[in-house]
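Undergrad: The sequence shown maps to residues 1 to 204 in the working numbering.
Keep in mind that the hints were calculated from the coordinates and are not lab data.
Glycine included, each C-beta is placed from N, C-alpha and C at the ideal position.
Please note: incorrect hints may appear among the correct ones.
[Stated by the list, open to error] Straight line, CA to CA, 20 Å or less: simulated EDC-like cross-link-like pairs of lysine to aspartate or glutamate:
no., residue 1, residue 2
1, K43, E191
2, K43, E195
3, K43, E55
4, K43, E6
[Stated by the list, open to error] Simulated restraints, written as ranges between beta carbons of each label pair:
no., residue 1, residue 2, range
5, A51, A130, 33 to 43 Å
6, D93, V44, 19 to 29 Å
7, R128, G62, 18 to 28 Å
8, V104, G15, 17 to 27 Å
9, G131, A105, 34 to 44 Å
10, A105, S172, 31 to 41 Å
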Amino acid sequence: MSREDEPRVLLTSFGPFGGLSRNPSETIMSLVSEEIGGAIVDKVVLPVETATVREILPARYGAGYALVIHTGVALDRPCVSIERIALNLLDFDADERGERRVEVAIEEGAPLALSARLPIRNILERWRAAGIEGRASTSAGTFLCNQVMFMALRALPETTRAGFIHVAPDESLAATVDRFQPAATQARAIELAIEVVLGELRLD
1 MSREDEPRVL
11 LTSFGPFGGL
21 SRNPSETIMS
31 LVSEEIGGAI
41 VDKVVLPVET
51 ATVREILPAR
61 YGAGYALVIH
71 TGVALDRPCV
81 SIERIALNLL
91 DFDADERGER
101 RVEVAIEEGA
111 PLALSARLPI
121 RNILERWRAA
131 GIEGRASTSA
141 GTFLCNQVMF
151 MALRALPETT
161 RAGFIHVAPD
171 ESLAATVDRF
181 QPAATQARAI
191 ELAIEVVLGE
201 LRLD
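Taking the hints into account, I'd like the entire structure generated from these sequences.
TA: As structure tokens, this is what we get:
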């Protein structure tokens, strides 16, 4: 198989926000291998700007990826977590451009919620087997993490696997949080999630 024929994975993280000089999701993504299970991993850092991600993601979604995983940080969580549901809702004080949303639909007329297209239970089992603490979470919230998850599930073909993984604070934030999970551990969790999905795609 030539490199052009290899399946491709889109992996995204977010840039700085809320006074953080570097977003842990960006740090963790940088540690993820660029080739996993025979698939090329394309990495993109997204700005924490609601209008900008709405502009730039559709072109990415049209690039023929077999799997799309968005990531972002949840500062109040102790470990990596995989989201079950994206809500058709934005509700936040301000993004990095100062834009605010109050109970606004991401897409008018679209479903209230969409379910992740990831084998969540199998991913959790793989994390457990690897000794990595990880959890499932009900929803991705109402900020940009939720926005990109909903956009992916809405825009991508139903045959394309897609979902969102929230990372926890890493060691760079150890002085400001009660618990953190090392960046390398969380990067490995993302790699394992990708491996699980690619393995199942080959069996389909």
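Undergrad: All hints are to be evaluated individually against the structure, with a verdict given for each.
TA: Each hint tested on the structure:
This hinted pair checks out: K43 and E191 have alpha carbons roughly 13 Å apart, not beyond 20 Å. A C-alpha spacing of about 16 Å is found between K43 and E195, which places the hinted pair at or below 20 Å, so the restraint holds. Our distance criterion of 20 Å between C-alpha atoms is met by K43 and E55, whose separation comes to about 17 Å. With a CA separation close to 16 Å, the supplied pair K43 and E6 stays within the 20 Å bound.
Here the CB-CB span from A51 to A130 is close to 38 Å, well matched to the stated 33 to 43 Å. At roughly 25 Å, the beta carbons of D93 and V44 sit within the given window of 19 to 29 Å. Restraint check, R128 to G62: a C-beta distance of roughly 35 Å breaks the suggested window 18 to 28 Å. Distance hint for V104 and G15: a CB-CB separation of about 22 Å, consistent with the stated range 17 to 27 Å.
With their beta carbons about 41 Å apart, G131 and A105 fall inside the hinted range of 34 to 44 Å. Between A105 and S172 the Cβ separation comes to about 35 Å, which falls inside the hinted range of 31 to 41 Å.
When each numbered hint is compared with the structure, a violation occurs for hint 7 only.
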